[in-house]
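*Asks:* In the UniProt record's numbering, the protein residues as written are 1 to 390.
Be aware that a few hints might be false.
Derived lysine to any residue pairs resembling SDA-like cross-links, with alpha carbons at most 25 Å apart [what the hints assert, rightly or not]: (1) 187 x 144; (2) 187 x 379; (3) 218 x 179; (4) 370 x 248.
Computed Cβ-Cβ distance ranges for the label pairs, DEER-style [to be verified]: (5) 62 x 212: 41 to 47 Å; (6) 374 x 255: 21 to 27 Å; (7) 343 x 113: 44 to 50 Å; (8) 365 x 235: 17 to 23 Å.
Hints listed in this document are in silico derivations from the structure and should not be mistaken for laboratory results.
The beta-carbon is built from N, C-alpha and C at its ideal position, and this holds for glycine as well.
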Amino acid sequence: MTPMSAQLPFDAGFGVYIHWPFCASKCPYCDFNSHVRHAPVDEARYVAAFRREIAHQAELAPGRTVSTIFLGGGTPSLMRPGTVGAILDAVAANWAVAPDVEVTLEANPTSVEAARLRGYRAAGVNRVSLGVQAMNDRDLVALGRLHSAEEAMAAVKVAASVFDRYSFDLIYARPDQTPGAWAAELKEAIGHAAEHLSLYQLTIEPGTMFERLRDAGKLVVPDADAARALYETTREVCEAHGLPAYEISNHARPGAECRHNLVYWRYGEYAGVGPGAHARLATATGRLALSTELVPENWLAKVEAEGHGVTEVERLSPESQGDEFLLMGLRLVEGVDQARYEALAGRTLDPRRIDDLARERLVERTPDGKLRVTREGFPVLDAIVADLAA
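Using the sequences and the accompanying hints, generate a full structural model.
*Replies:* Shown next as structure tokens:
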């Protein structure tokens with residue numbers, strides 16, 4: 001029997017995130033929990049650990065129906081199809097799985113070939129997301145990618161031949177990038193994209209190689225005004241070609257949005273399994289935030305010894321839930337339901353702050369009572385969230 005508190009008053013679905021932490025190389029801009037190992041990874045041993053951690057989180061969140069599964073990383077396409085199938089079987093052994101479940105696997109162009117993708121499809125994957133990142137070789141080299149532009153487009157073509165649903169990522173606001181060059185690149189990308197693109201502005205993250213290069217004066221990225229111009233180009237080109245933004249960095253034809261990421265942005269419930277994964281679970285004692293051990297070998301040892309790799313469990317206060325709801329939900333073009341914010345946070349949003357932001361044309365109220373960030377507001381989203389949450 002599902003605990004009463006787990007029955008969310010606003011059903012955003014139940015997702016399962018699986019983190020495969022291994023990569024062939026570490027990209028200089030990446031601050032994700034990814035690791036390079038030169039010795040072969042013991043996939044069978046990791047599968048056994050995934051099974052145990054999935055079972056542990058199912059004990060915390062029983063009776064759910066899984067609406068989405070996302071295999072991220074790292075580079076999940078380095079896994080053998082049989083490994084992916086075993087992990088998906090473990091999910092199905094612990095929860096009910098919806099007939100229309102969305103199962104996404106992230107893949108790098110260097111590890112994509114038709115037989116392998118057909119193996120993933122046979123294992124249960126029905127959507128792939130390809131890390132293309134740029135459409136020219138010069139920028140791919142600068143981004144530390146191992147594939148060429150030709151290889152990337154070949155991988156997209158293969159994905160299109162195997163899956164009905166696929167997406168790929170590009171990074172913009174790269175050094176020396178102009179709006180004109182970005183518009184041309186984006187139009188070329190849209191010609192290869194069936195339904196979805198993820199378009200991320202390059203940010204210099206702490207602890208990355210790009211941070212060290214920038215601090216040494218060897219890397220210069222566009223300033224705030226130039227980055228905003230590139231953002232506007234992104235919105236305009238995608239809208240003109242039928243791929244409007246539904247989230248600050250994601251564009252899709254209507255109905256083709258990534259349902260798993262919508263679970264996050266709509267502040268739904270999700271399990272998080274694998275090294276460095278995070279979860280948000282509604283339990284009889286409240287909404288829990290879980291974090292797992294970051295280092296793969298340490299996670300593996302902890303799961304084998306204790307049955308799970310969880311290192312932190314926090315029971316979120318109403319204030320924290322409200323803050324997270326705003327932080328995630330205001331990324332969406334659809335905005336947030338103020339009544340749900342009140343139910344989570346135990347307080348209302350300050351109408352005076354909303355009015356002030358509305359006068360500056362940074363937010364607006366919708367006819368159905370939602371609060372959303374305007375096109376002008378998205379470039380300063382973090383400041384808007386901080387203002388509303390204060």
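*Asks:* Run every hint past the structure and note whether it holds.
*Replies:* Hints and how they fare:
1. 187 x 144: holds (23 Å)
2. 187 x 379: At roughly 22 Å apart (the allowed maximum being 25 Å), residue 379 and residue 187 satisfy the hint.
3. 218 x 179: holds (23 Å)
4. 370 x 248: holds (17 Å)
5. 62 x 212: 41 to 47 Å: This hint holds: roughly 46 Å between Cβ atoms.
6. 374 x 255: 21 to 27 Å: holds (24 Å)
7. 343 x 113: 44 to 50 Å: Given about 48 Å between the Cβ atoms, the range holds.
8. 365 x 235: 17 to 23 Å: holds (21 Å)
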